[in-house]
Structure formats: structure tokens, C-alpha cells
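**Student:** The chain contents come next:
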Amino acid sequence: MSGVKTVTAADRRAPARASRPRSLGRATAAPGLSGGARRGAGGPGVAAHGLTKTFASAQGAVRAVRGVDLELAPGETVALLGPNGAGKSTTIDLLLGLADADEGTVTIFGESPAAAVAGGRVAAMLQTGELIRDLSVRELVQMIAALYPAPRDVDAVLETAGLTALAGQRTQKLSGGERQRVRFAAALASGAALLVLDEPTVGMDVEARHGFWQTIRAAAAAGTTVLFATHYLEEADAYADRVVLLAGGRVVADGPATEIKARVGQRVIRATLATADLDGLRRLPGVSAAERHGVAVALTCRDSDAALRALLAQFPEARDIEVAGAGLEQAFLELTGDDGVSPAGAHPVGSDMKETA
Amino acid sequence: MNALVYTRFELLRTLRSKRFFVMALGFPLVIYFLIAAPNRGVTDLGGTGIPAPLYYMVGLAAFGTMAAMLSSGTRIAGERAVGWNRQLRLTPLPARAYFRAKVLTAYLMAGLTIGLLYLSGTLLGVRLSAAEWTQMTCLLLIGLVPLAALGILFGHLLTTDAIGPAVGGLTAILAFVSGTWFPLGGGVLNDIAQCLPSYWLVQASHVALGGASWPLKGWLVVAAWSVGLSLLAARAYRRDTQRV
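Quick note, the sequences are listed as chains E and R, same order.
Anchor point for the first sequence: position 142 equals 142 in our numbering, and the numbering is continuous, going up by one each time.
Anchor point for the second sequence: position 65 equals 65 in our numbering, and the numbering is continuous, going up by one each time.
Certain hints may be false.
Unchecked claim - A short, non-exhaustive set of chain R residues, derived as facing chain E with CB atoms under 8 Å:
{"no.": "1", "residue": "Asn2"}
{"no.": "2", "residue": "Val5"}
{"no.": "3", "residue": "Thr7"}
{"no.": "4", "residue": "Arg13"}
{"no.": "5", "residue": "Glu79"}
{"no.": "6", "residue": "Val82"}
{"no.": "7", "residue": "Gln87"}
{"no.": "8", "residue": "Leu90"}
{"no.": "9", "residue": "Pro92"}
Simulated from the structure, these hints should not be mistaken for laboratory data.
Each residue gets a CB set at the ideal place from its N, CA and C atoms; glycine is no exception.
The shape of chain E in the complex, shown without the other chains:
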């Protein structure tokens, strides 16, 4: 687990460790920095420190972002991974200067977000945002490209985004997936040094997704810094140099994608087992949490192979056995303890196991 830092609930509650997320950000920027150096891109990238944002809502104040630190080296591709409501979009709004943080600072290539945007160094594909009507696909992409100091060739970008056949089509006549591709093409055509993509592949079919990520990889290989938000672990794993895991408005882990995946890529063993006591199940090798629902038990496992062998050896009466990948939500629970996701005490074992492991 070297390289992956997990911020536990206990850390967050301790006031003396208030500055910890900051050092966490620095420590984990190291692999990315070497990546940037490999591409020959020097200087500062993106740095956000201590971001907080609270919204007023009908249910009272919502603390959407509660102290997020984030660093991207130039040329690095970073995934902002988290379930819905983790604070990904708000974090992105704060990074881009679309919203003002209550606390914290953001610099993009050493400048304020507003200056970086005005200088054409940033292009973004927001989660919401439709296209304006009465323009063709090519005209719209041309229009956006023309606003930037060093745009890419529009026809080449359309080709890359698979929009050549649709270039003459009016934007209001496109399907949802096609519009998503146009928004991507517009961001790409900017030629900006930083691409920020909020859930970019939502609404794309498998083929479009594939083409999209190929393009992002090519852009990243050419030195573009990429930050994308996603709630698909697979996307973060496959396309990011580094993954920043966000839950309940906080960074809960930050490290290379493979290690984050190992960390959150847990499996759940379900079985019908009326006789075993939960404590016994929890002591099985590879098991990090156990729950009972009537005669059924669910074991959340770090190592499901070891757990399954031990389970069958110790509890041969177990039947209806199922092994499934744990959902991202459950993986987050494991990493974040109970904080902000479910009522306190609902998963005490998970928290205990993590802290003693």
C-alpha cells in the first residue's frame, strides 16, 4: 500500500492533525511530478489547498466540500473518483473559479483560475451544459476554438471525436451522445494546456467511450494536463496516472491508480449460513467486515480467495455461495469509515478492522 494515503475518520476528528491533508497532497504529487518531468514540462501545475464550500439548501447548510487538497503536475492525468454527492463537481467548480471557495486557495500554472481562464490555458467539459442552437457542429467547434490563443485544427479535432460525418448537422438535431462528443471536441479544439472533464463519458456508448479515452491519452501524451471526474473505478484505473478518491466532501485517498484499485477493489462473499457467529467470520483471513441478514451473511473481503478457502474449511455447511465485486459505494465505506455516508455505528467492524489492520 505504499504511496496510498488513507485519511481515516480518526485523523479528521483530531484537530491537531488539521494540516495533514496538505502534506498528503505533497507526498502523493511525487509520482506525477516525475511523469511531468519525463514529458519535459516544468513549472507549477494545478494546486488547490484547503478548499471548503457550504451551500444553503432547504434542509439546511450542505457542506459539499470540507477541506480538499489537490495537486496536478504539468502533463499528469488525474482522476477525481467518488460516488454521487462526494463533492466532485463542486470541487471542479472551485478549481475553475466558477464558484468562490469559502476557504482555501487555487492556482493553475501559477496563476489564479480567472487569469488562467482569461489566458486560454484552461478548457472544461462540465457535467451540465447544453449546446447553443442554430449552428452546425463545425461552426460551434470553430467558434470556441477561435476564442483561444493556440487552438488545434478544427477538422482534425472533428475527425478525432468521430464527428466528421456530423460536421454540417445543426446542434439542436443531435442525440445526447453526439452532443457529448461535440462538447468534448470543443474542449479539445481549444488547445488548452489543462483539460477539466466532469463525468465526460456519461451518455456515450461503448464505442464512443473507447474513442474518447484514446483521444484523451493522445492529448496527455502530448503534454496536456488532464483532470477528470468519474464514478467509474474502471475509468479511473485505466486512464489516470493517479486517482484522488473523494467521499463526503473530503479526499480519503490519493495515489497511483493501481494501488487505489487494490485498496477499493474489494469483493463480497454472500452465503447462507445460519450457524456461524459474526465474530468467527470476522476473524477469517482476508475478511474486513461481516454482516448478517437473517440466515444470510455478507463478508466484505480484502482477499476473497483466502477468505473463501477459510470459510469452506471452517463452515462446511455454508451454501448458496456468491462472490461479487463490491460496489464502489461499499469500497468507499471501507475507506471512509462511517463518516458522512451512513449513520454512525452502522459499520463499526469495518472501521475497527481498518484501524487495527
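Position chain R relative to chain E; hints supplied.
**Tutor:** This is chain R only, laid out in the frame that chain E set:
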């Protein structure tokens, strides 16, 4: 360079939008021929001393250009509703250039409306000197400044659902009290109308009566509305962008 390209595409979009052609061009032209053609022989409309074809030419130009200026508000509200403004704020296009493009487009559309109505006017026998045409056009363009600001104010204040009735209703009321359809004569309504910028748009036709442009009151009314509405529009824009 970049802001000009944006303006060019903005203009292209407006020319492609059907609503503009109906409200700002088609409607005033049709009404003009319906009202002015049967009255083309009237040389002194309602005691104004102005021939009917000229009076209605300017009156309907005022109507069409008001609709053209306020239509920028409809477009801004629509772009806000779909999140386009947020996306634009992430490009290097400065807010000033965005508004310049909107206002310039609205003015070019207004110019098209004015041009077509002038052409229709000459078909119905309007004859003015070059100086009078020029002066009248200048007064119309100046009188539209507060409406350009009002368009932006509406665009940032109202939702797409509200702005249609607001723009349509306001244009109809302003046109009525300002004397687009017929000269109102004296009375309280006329006193109120004189405090509105749209009244002075319609009054631009008075240049034909001997070179007098607006009286001081006209300039003051137009200037006051221009300043007031511009300030309100700027405030609405700032509040709108802070809300995200």
C-alpha cells in the same frame, strides 16, 4: 480577432432563428402595409402634421427595433437555461466582449428592420431629404440604447418561461402608449408616455417637420433610462454569475 469571430457566429445564429424574423421583421412589415397603405393619402395624421406613411413607418420601426433589442434578452435567458454561459465563462472570451457581441447583433438586426421599413415607406410615398433620413436614423439608434440594456437585464433576471410574456407584453404596452398604432394626443397617458424611451423612438418621425430633433426632455429621458438600466443590467449580471 476572437471576439469578432464570436460576433460573426452570433449574427449567423440570429439570422437563422425564426422567432427574430417573425417578431422583429415580418410582423412590423405586414402591419405597416395593413395600416399605412389604406391611409397613404392622409397627410396630417391625428393633428401631428405628419403624413400617415411616414408616421407609421417610424412607429413600426420603433416596434420592430424594440423587439430586436429585447430579443437579445430572450437569447441570453435561453443560453443561461442550458448552461451555455457557464461554459463560455471558462473560455477566454471576456464578459464585455460577450455583451458587445449581443448588443452589436441586436443593433444589426434593428438596422435590418429599419432598412426594410424605410424601403417599404418609400414604396408608400415617403420622401425625405438625405439629412432627414440620417437624422431620423440616428435618433432611432440612440433611442434604442436603454432597450439594449433592458434586454441584457431581462436576460439575466428572468427565466426562459417568463421572458417570452415579459418581452411580448412590454413591447405591446410600450408600443401602444408611445403611439406606434396611432398618435395619443394629450392627456395623462401622454404625460406618462413622454417619460418612456420608446415614446421618443416614435417621435423620431418629427424630424420631417422641420429639422427639430428631440427637445431637451427627450434627450434627458433617453439618457436617464440608458444609465439606470445599464447599471441594473450590470448588477443583474454580477448577481447571476455569483449564484453559479
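**Student:** Is the interface hint for Val82/R satisfied, with its Cβ closer than 8 Å to some Cβ of chain E?
**Tutor:** This hint holds: Val82/R lies near chain E, its Cβ roughly 4 Å from the closest one there, short of 8 Å.
**Student:** Can you verify the interface hint for Glu79/R: is its Cβ closer than 8 Å to any Cβ in chain E?
**Tutor:** Holds - the Cβ of Glu79/R comes within 8 Å of chain E, reaching about 6 Å at its closest.
**Student:** Should the interface hint for Gln87/R be scored as holding, given a Cβ-Cβ cut-off of 8 Å against chain E?
**Tutor:** Cβ of Gln87/R sits 5 Å from chain E, so the hint holds.
**Student:** At a threshold of 8 Å, is the proposed contact between Pro92/R and chain E supported by beta-carbon distances?
**Tutor:** It holds, given that the least Cβ distance between Pro92/R and chain E is near 4 Å, below 8 Å.
**Student:** Grab the minimum C-beta distance from Leu90/R to chain E and call the hint holds if it beats 8 Å, violated otherwise.
**Tutor:** Given a least distance of 5 Å, the restraint on Leu90/R holds.
**Student:** Against chain E, is Val5/R within 8 Å by beta-carbon distance?
**Tutor:** The hint holds - Val5/R has a Cβ within 8 Å of chain E, the shortest such distance being about 4 Å.
**Student:** Holds or violated: is there a CB of chain E closer than 8 Å to the CB of Thr7/R?
**Tutor:** Constraint on Thr7/R not satisfied, violated at 10 Å.
**Student:** Classify the hint on Asn2/R as holds or violated, based on whether any CB of chain E lies nearer than 8 Å to its CB.
**Tutor:** Cβ of Asn2/R sits 5 Å from chain E, so the hint holds.
**Student:** Can the hint on Arg13/R be confirmed by a CB-to-CB distance to chain E that is less than 8 Å?
**Tutor:** Holds. Min distance 4 Å.
This entry does not satisfy hint 3, going by the numbered hints stated previously; all others are met.
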